[in-house]
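J.: Work out the full structure: start from the sequences and follow the hints.
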Amino acid sequence: MRAESASARTLVLDVPDWPGHLAGQHLDVRLTAPDGYQAVRSYSLASAAAPAGRTLVEIGVELLEEGEVSSFLVEEVRPGDVLEVTGPLGGWFVWRPGTLEPVQLIGGGSGVVPLLSVVRTHAQVPAAPQLRLLLSVRSPAVAMYRAELLERAATQPGFSLEVVWTREVPPGEVARPGRLDARRLATAALPPAQRPLCLVCGPTPFVEHVAELLVAAGHDSGRIRTERFGSAR
Amino acid sequence: MSAVEPGDGAENEVLRVPEVTRGFTGRRRRRTEALPPGQYRTDDFPVLSAGPTPRVDTDEWRFTITTETGSSHHWDWNGLQRLPRDSFDTDLHCVTRWSKFGTRWSGYPLDAFFDRVQTSAGHALVTSYGGYTTNLPVADLLGGRAWIVTGYDGQPLEPVHGGPARLLVPHLYLWKSAKWVRSITLSDEQELGFWERVGYHAYGDPWSEQRYSL
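Heads up: the sequence lines are chains A and B, in that order.
This note's numbering runs 51 ahead of the 1-based position in the first sequence.
This note's numbering runs 3 ahead of the 1-based position in the second sequence.
Quick caveat, the hints were computed from the structure, so don't treat them as lab data.
These figures come from a predicted structure and were not determined experimentally.
Beta carbons are placed, not taken as given, at the ideal position from N, Cα and C, and that holds for glycine.
Don't take every hint at face value.
[Claimed, not checked] Footprint (simulated), chain B over chain A, 3 or more residues, beta carbon under 8 angstroms:
{"hint": "1", "segment": "86-96"}
{"hint": "2", "segment": "139-146"}
{"hint": "3", "segment": "217-228"}
{"hint": "4", "segment": "259-273"}
T.: As structure tokens, then:
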């Protein structure tokens, strides 16, 4: 396991009988207390798409306020612990290698996790299409996978990265913090004329906002796939 | 299944009996009989949708039921208002594990729509503005257990939660309660909907924990 930010960590699970997964899917983790009490939550897979068989799969977990499962997974779990998982789950918010159209990924906060799976899968595909990742992040302290994404943006053919800092920018950066708006989207995202597949993941208000911006900018709503977490208000 | 280190081989089988997770005690909330297995209570109203939220004007809203013989019945927003209207409280159970208790809705029981419809079909495919689909047995739409709802918590239903009108079938997992409902197609054969085609259960009873068709 690795800390990914001040409030998130990556867990690597050694799954002996993994059925294989697509980029963007998730799994359920079920925890059982000594008295039989159980709690189950879904976590997005961060690892690249994998075939069936014994597999190391990564999940990204952000600590939530009052989160009984996330607090266990971020603060308590140790190497060697046994967890019960079900998956992969979800067959819609996915990217399948072999499709030729460009892909625009847009993530808010820990919504980056399933998008990282797409980026890592893209790296393994020869002659992969153009892939752009646009992230909205509060501050460098809570940015997940920052080092890996910067490295990939510098070296992975066809992949580019844009980050909008909403509260605090990294030291040395001249841009001011601000919300992702129509102007930022127009300069940072692939244009509608390229008809990219758009995968948008993040907290519900963020995804609602971005999906509206994309539709208003002229993207076909049938090409926009979303994954939301949390409440509308 | 083990975290990080390859295990000693003991877990190289699918775990059949849940084993205690070392170090986990949980934060139990007030237990309630109304919580189906594997669910937790939330007081928020989470939103799950597969794409952008469609904006549907009530002037342009139409709702259609098409039978297995191809005959169609249509309602517009005014026609909807002429049906008997219910206000009711119900619990919601989402397949992503949250349940929300005592939600207050207003809308129109499907029975009133089906009064006009001649059918012996067993299956329904529900289609939304935006293209979402879900399937369920016709029987689950009847008997005062399913509504076209237009109000939530005393207010017009917001687009993000399926407004202006969504199906509500609270005895099944919430993905069956199609937001932005547009039509119901009746058939003798079951046709799977959007989530049902990608691994979710064809029926989706929360009390039997019918989440996935794995």
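J.: Each of the hints needs a verdict: does it hold here or not?
T.: We went through each hint and held it up to the structure:
no., hint, result
1, 86-96, "holds (count 7)"
2, 139-146, "holds (count 5)"
3, 217-228, "violated (count 0)"
4, 259-273, "holds (count 7)"
Hint 3 from the earlier list is the only one contradicted by this structure; the remaining hints agree with it.
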